[in-house]
Amino acid sequence: MTGAFIRLFHREYSGLAGLVLAAAAVGVLFGAFYSPDIVAFFALSLAVIFGSTAGGFFRSSRRLEFLLTRNVTRRAFFLLRWVVGLVPVLIAALLASSCLVFPLSSDLWSFFVESGLTAATLSGPGGWGWLAFCVLSSGWAYTVTFVLVSRTRDESELFIALLLSVAVCASAPAAFWGLGALGVSGGLFPSDSLYSPSSTFWISYYIAAPLLAAVALTVGLRLFERTDV
Amino acid sequence: MAAKSAETFHLSKSFGSVFALRDLNLFVKQGEVLGLLGRNGAGKSVTLRILAGLAFQSGGEFALFGHTNPYADPAIRQRVAFLSQTLDFPPSMSASDVLSFNAAIYPLWDSQFAESLARRLEIPLDRHTPDLSLGMKLRLAIICAVSARAELILLDEPAGNLDPLARAEFLSILAEILDRDGPSVIFATHIVSDLERVADRTAFIADGSLLLDIRSEELGSRYRRVQVVFESVVPDSFSLSGAMTPTARGRVYECILPRYSAEAVSRECPGASVEAFPVSLEQVFVACAGQGGAR
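Protein sequence lines, in the order shown, are assigned to chains A and B.
Residue numbers 8 to 236, in the working numbering, belong to the letters of the first sequence in order.
Residue numbers 10 to 304, in the working numbering, belong to the letters of the second sequence in order.
FYI, nobody ran anything at the bench for these hints, they're computed from the structure.
Careful, some of the hints might be misleading.
[Unchecked claim] Under 10 Å between C-beta atoms, here's a sample of chain B residues computed to sit facing chain A:
id	residue
1	Ser21
2	Leu63
3	Phe65
4	Gly69
5	Val89
6	Ala90
7	Leu96
8	Pro100
9	Ser289
[Unchecked claim] Computed far set for chain A versus chain B, every beta-carbon distance over 10 Å:
id	residue
10	Glu19
11	Leu74
12	Leu75
13	Arg77
14	Val79
15	Ala83
16	Gly131
17	Arg158
18	Ala181
19	Leu189
20	Thr207
Note that beta-carbon positions come from the ideal geometry of N, C-alpha and C, so glycine has one too.
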C-alpha cells in the first residue's frame, strides 16, 4: 500500500525534483553558491516551492476524494506526502550547502584555468554550521509551507498562505536572533556567539528547528484528520 | 439475522447554522441494497460522505461492521468502496495506472475482473486520466469501486451523468457484483427506476431527516393510489385522512394513501365509488417529497 502511494507522489514530484537537483549541481560546479546567504536563500526558496507543490495537491478535493477513499488512512496519506516532498528538498539543500564545506568549484576550475575563484572557503566548523543552518531551515520552511498551503481551497487563499509561510519560515531564525541579541545585551552570551554559526547558541537553533517542524506537522496532521473533503 | 454493515445513530451534520442532517437513523444489513432517495440538498450525499470518511458528523455517530470509529482501523477501509460522480484521478496517471494502483493497495483486488470490465466498458487504458471524458472517468471509477471486492459499496448518484446505455451497463455490473460477492450497497440516486431494479429497501430523506424506510415488497401492500369518484363535484372540505399529494378535478379526487384500507376509505366517503391502484416507487417518492417539503 505504502509503496503505491510513494510511487504516485514521487511521479508527481520527479520533474520538479530533477530540475532542482540539476540546478543545485550546476550551481555548485559553477561556483554560484559563493556565500552562505545565497545558499540559505536557495534552500529556503526551494523549500517553499516544494512545500506549496506538495500541499497544493490537497486543494483538489475531487482527487482527494479518490485517494482518501482508497485503502489508506488519512494519517499515512498526509505523512507519506510530506516525506516524499521533503527528500528532494533536503538533498538539494545539502548539495548546495556542501560547497560551504568542500570548495568543489574552485578546485574544479583550477584544473582548467588560473581561477581567482575563492568561493566557499569557510573554516571547517563555520562551514558545517552554515550547512546545518541551511538544511534544517529548509526542512522547517518546507513543513510550514506544506501545512499552510494544505489548508487552502482556492488561488487567493494559496497566495496568502504562501506569503504567510515565508513570514513564518523567517520567524524561527529571526526569533532566535532576537533572543540572542537580548541574551548578549543581558550578558548571557558573548556577542561573537551570535555571529558564529557553530556556536552553542546556534546549535540550539539546529535542535529547535526540527522540533518546531514536528510541532507544525503534528498540528497540520490533526487538522487534516478532521477536515471535510 | 444478518449483521448490519453500516448503521447511523442520531447522525447530524451542520455547516454553520445550516443543518444538512438531523438525527438520522439508518442501517443496511449484510448483503442488502438500500436505496437513498431525496431531493437535491436532502442530505443523501452528506450521509454517504460521512460513511466514507470524507466528512465528519457534527453529532451522533455511525458504525461500519460494528465499529463506531471505523477509520481508526486501517483494516476497515479496505472493506468499503465509495463512488461518486465528482471524483477525479491524479493527472499523472493513465487509466491503466489507476487499475495498477488499486491492484497494489487492495489485497483482494480482482485484476482479471477489472480488466474484463475495462474491455467491456471500452476504457482506453493507455490514455491519461485528464484526457478521458466525464463518462469514461465515471466508468473507470465504477471499475475501481467494484473490483476491490468490498463488503460495503457506497454509491453517490454514480449514474447521473451516464447515457442510458452506459447506465444500463452499470446496473448490470452492479447486479453481477451483488450475485457474485453479495456486498451491502447504499445507493443514492434521483433515478427512481434504477432503485426499483436493485434496491431491497428504500429510505426517503427530506431536509436531512428520514421520512420513510420501506422494504420494496412492502411498497405494494402499504401504499395505494386511491381514486374517489363523487356523483357531483368533489366537496371543498373533502380530504381522506392520511392522504398524500391529494388532487381534486371535477368529480374525481385522487391521492396516495399509506396503510390503505378499503373499508376505512368507504366510511369516509359514503356514496362515492372508490378504486385503489398499485403505486410505483416514484409515486411514493413524489408523495413523500411533497410531504417533506410541506413540513
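Structure-based check of each hint:
1. Ser21: violated (14 Å)
2. Leu63: Leu63 (chain B) check passes; min Cβ-Cβ to chain A is 4 Å, inside 10 Å.
3. Phe65: OK, holds: Phe65 (chain B) within 10 Å of chain A, min 6 Å.
4. Gly69: violated (16 Å)
5. Val89: holds (8 Å)
6. Ala90: holds (7 Å)
7. Leu96: holds (4 Å)
8. Pro100: holds (8 Å)
9. Ser289: violated (33 Å)
10. Glu19: violated (5 Å)
11. Leu74: Since the minimum Cβ distance to chain B is about 7 Å, Leu74 (chain A) lies within 10 Å and the statement is violated.
12. Leu75: Leu75 (chain A) is in fact no farther than 10 Å from some Cβ atom of chain B, at 6 Å.
13. Arg77: Arg77 (chain A) not clear of chain B: closest Cβ-Cβ about 6 Å, inside 10 Å.
14. Val79: Val79 (chain A) not clear of chain B: closest Cβ-Cβ about 7 Å, inside 10 Å.
15. Ala83: With a cut-off of 10 Å, Ala83 (chain A) comes too close to chain B, as the shortest Cβ separation is near 8 Å.
16. Gly131: The claim stands: Gly131 (chain A) keeps its Cβ more than 10 Å from every Cβ of chain B (closest is about 43 Å).
17. Arg158: Holds, because the least Cβ-Cβ distance between Arg158 (chain A) and chain B comes to about 16 Å, which exceeds 10 Å.
18. Ala181: At about 37 Å from chain B, Ala181 (chain A) clears the 10 Å cut-off, so the statement holds.
19. Leu189: Per Cβ check, Leu189 (chain A) is outside 10 Å of chain B; nearest 44 Å; holds.
20. Thr207: holds (43 Å)
Of the numbered hints stated above, those contradicted by the structure are hints 1, 4, 9, 10, 11, 12, 13, 14 and 15, listed in ascending order.
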